[in-house]
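Protein chains: 2
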Amino acid sequence: MIQTPYLLFLGDAPDALSAKVAQGIKDWRPDNAVGQFRMEGCGTTVGLSDMTLQEGLEAGAKTLVIGVANRGGVISEAWKTVLVEALEMGYDIASGLHNLLRDEDEIQRAAKVHGATLHDVRIPSVAYPIANGIKRTGKRCLAVGTDCSVGKMYTGLCIDAEMTKRGMKSTFRPTGQTGILITGGGVPLDAVIADFMAGAVEYLTPDNDADHWDHIEGQGSLYHVSYSGVTMALIHGGQPDALILCHEPTRAHMRGLPTYQQPELETLRDTALSMAKVANPACVVAGVSINTQHMSEDDARAYIKDVEDRMGLPTTDPFRFGAERLVDALEAL
Amino acid sequence: MIQTPYLLFLGDAPDALSAKVAQGIKDWRPDNAVGQFRMEGCGTTVGLSDMTLQEGLEAGAKTLVIGVANRGGVISEAWKTVLVEALEMGYDIASGLHNLLRDEDEIQRAAKVHGATLHDVRIPSVAYPIANGIKRTGKRCLAVGTDCSVGKMYTGLCIDAEMTKRGMKSTFRPTGQTGILITGGGVPLDAVIADFMAGAVEYLTPDNDADHWDHIEGQGSLYHVSYSGVTMALIHGGQPDALILCHEPTRAHMRGLPTYQQPELETLRDTALSMAKVANPACVVAGVSINTQHMSEDDARAYIKDVEDRMGLPTTDPFRFGAERLVDALEAL
Chain A
1 MIQTPYLLFL GDAPDALSAK VAQGIKDWRP DNAVGQFRME GCGTTVGLSD MTLQEGLEAG
61 AKTLVIGVAN RGGVISEAWK TVLVEALEMG YDIASGLHNL LRDEDEIQRA AKVHGATLHD
121 VRIPSVAYPI ANGIKRTGKR CLAVGTDCSV GKMYTGLCID AEMTKRGMKS TFRPTGQTGI
181 LITGGGVPLD AVIADFMAGA VEYLTPDNDA DHWDHIEGQG SLYHVSYSGV TMALIHGGQP
241 DALILCHEPT RAHMRGLPTY QQPELETLRD TALSMAKVAN PACVVAGVSI NTQHMSEDDA
301 RAYIKDVEDR MGLPTTDPFR FGAERLVDAL EAL
Chain B
1001 MIQTPYLLFL GDAPDALSAK VAQGIKDWRP DNAVGQFRME GCGTTVGLSD MTLQEGLEAG
1061 AKTLVIGVAN RGGVISEAWK TVLVEALEMG YDIASGLHNL LRDEDEIQRA AKVHGATLHD
1121 VRIPSVAYPI ANGIKRTGKR CLAVGTDCSV GKMYTGLCID AEMTKRGMKS TFRPTGQTGI
1181 LITGGGVPLD AVIADFMAGA VEYLTPDNDA DHWDHIEGQG SLYHVSYSGV TMALIHGGQP
1241 DALILCHEPT RAHMRGLPTY QQPELETLRD TALSMAKVAN PACVVAGVSI NTQHMSEDDA
1301 RAYIKDVEDR MGLPTTDPFR FGAERLVDAL EAL
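So the sequence lines, in the order shown, correspond to chains A and B. In this text, residue positions in the first sequence follow my numbering: the first is 1, and each later residue adds one. In this text, residue positions in the second sequence follow my numbering: the first is 1001, and each later residue adds one.
If we strip away everything but chain A, and leave its shape as in the complex, we get:
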C-alpha cells in the first residue's frame, strides 16, 4: 500500500488531459490529497491548494504522487531535481509512468540513502499465486465492456461511492495504474505474468463480510482481441456475483482495431455471464452503464431508455446521472 495522504505532483503538465491521474485522485479520493505541486510551465490545475514540498510535509503528506504523464516518455532533469529533493525531505514517491522511477540512478540512490520507498505501480510488487477457484465470502461486482476504455473504472468508482454514501460496506479494487494511485493499492493486472493473472485477482478480492461489496475494476474486453485474456482472468479470478455491462455508443470501431466492431450489448451479456457462471453459478447481470460523454443530454437519455426497454436491466450513465439505480439493483441481490 502507498502511504497516504499525498501531495500531487503536476510537474509541467500542459493541460488537463495530461493530469488525469491527479484529477482522478481529486475527484474520487479527495481526502487522499493535501494539495498540488506545480512547476514552472504547468498549464493546468486540479483545483487543490498549491503547496511547496515543505508545505506538503507540514500538511501531513507522506507520498509525492506523480499525477501527470511525462512528455515524450522521459523523466526530465527538472522533474528529477524535484523528485530527489522530495526523497531527501522524507517523501515516498509513487508513479504509474511507463519508465520506472527505479531505473533512474539519481532517484534510486536518493531513495536508498533516505530510506524512502519508490512505488512503480506499473510493476507487480507481489508474487501472486495461481488461482485456486475456491469460493470466497462477500460479494463482488465486475464491470465488463463492449470495448476497452468505455468507462469501467468510473462505473466501479461511482457504484462504490454510492454504496459508501448509503453506509453499505464497499471497496473499489483497482486493477490498473490510475486506480491504484487513486486508492493507494491494487494489482497492475496487465503487467502480471499470464499464469498468475486470475490468482492476482483472487489475491485482490479476498474473503470478506457477507454483506461487503468489492467493485473490481475491469480491464480490456472479451471482444477486444489484444486484451481479452486479461478480461477472462478477471471474470474467473473475480468470481463476480454481479456484472455491470459497460458501453460507449459513439465508437466507430474497437479501440485500436479499425476492422473490429463492438459487439451488441446482448452478445456481451450472454458471453460474459456464461463465462462468469463457471466460477460463480449464481452470478447475474445487474445493470448497464452507458458512457454518454460524447452525447447530448437528450440523446443520452433517449439511448439509455432504449437500452433499458430492450434489455430489461437498470441502465444509466452513473457518472452523469448517478449510480443509484445500479446500486438499488445490487442491493436487492
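Just so you know, the hints here were simulated from the structure itself, not pulled from any lab data. Ideal placement from N, C-alpha and C gives every residue a C-beta, glycine not left out. There's no promise every hint is true.
Chain A side only, calculated, beta carbon under 8 Å to chain B, not exhaustive [stated by the list, open to error]: (1) A194; (2) Y223; (3) V225; (4) Y227; (5) G229; (6) H253; (7) L257; (8) S274.
Based on the hints, put chain B in the right spot on chain A.
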C-alpha cells in the same frame, strides 16, 4: 531458436515419467537428437544410443538439452559438473526447468567464458508486441480443451505429423516448454506478461503461404478458472481457421480444482467457436480429439463413436488411432 541437433541429457532420471521431455523429442523430432547422455543412477532410457559428451559432439550435436525434471527442484552438484563440462566443450544448453540455468553462477560463468548460449525456455526471450488483430495469410488450427492437460499438444503434433506425411505444408507452433524443446522454438505463453499474450501468439504464427497450416499448441482451457485467460489469448491471437476440441473422459474434476467439473463438449464447442469468430468469422470446429489413454480399446472406440454420432464431427484419439480423419477434415476446408 535452439541449435539442433541435440544430445539429450537424462541425468539421473529415476523413471520414464521424469524423462518425458526427452521422450517427446525422441517421439516427435527424432532427427533433432543424436543420442542420449545418462549419469550413474539413471533408471530409464528413451531408446537412443548412449553417448558421452565427446561422442555427442562428434555426432554433430550442438545443444545439450535437459530432457528430465530435476528432483526437488534443485540443480545438483553432479548435474552442474556435467553441464559446465559441456559448455567448456562448446555445447549450448537448453532447459525448461523451473530453476533457471542462468541463476546458477558456475553455469552462467562457464557459458560466458566459452561463448555458449543458455536457453531457459520458461522465460520469454523476445519483447512481444501488443496484438493488432490484422488478418494473416495461411491457415491456423488450434486445439482447445475441456480441461488442462487433456492432450492438446499431442493432438497438434499428431495432426502436424500426418500433414507432413501427406506432403502438406505444416508447422507445429509450441506455446509451452516441452513443445519448445521438442521443436527448437516457440513462445512460453504462460510466462508472457498479460498485455502481450495475444501479441505473442500473433508473433508465433505470422503470415504464411495460403495452403500452409500452423498447428498452435493449446494451453489451459476456457473452463479452467486458473488459466482461462491464457486460452482466450490463444483464441484471439491465433485467429484460428479451425478448432479441434480435446477431451479426457475419465477425469473426476477439473485438474487441480476439486469443486469444478469439465464442461460438455457441446458447451466448449459453442463458447470457443463464438469467441474464435471474433478474430476470424470463418472459423469452424473441425473435429474432436479424445484422450483415451485410461480406457480399454473397446471402451475408447465406443466412446469415440458416441461423440461422433452426437456431435456430427470427425472424432478420434489421434495418438492411439491416427490423425487421418482430423486431417481429412482440415484438408477439406
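Handout entry: Numbers of the earlier hints that this structure fails to satisfy, in rising order
Key = The structure conflicts with hint 6 only, although it agrees with all the remaining ones.
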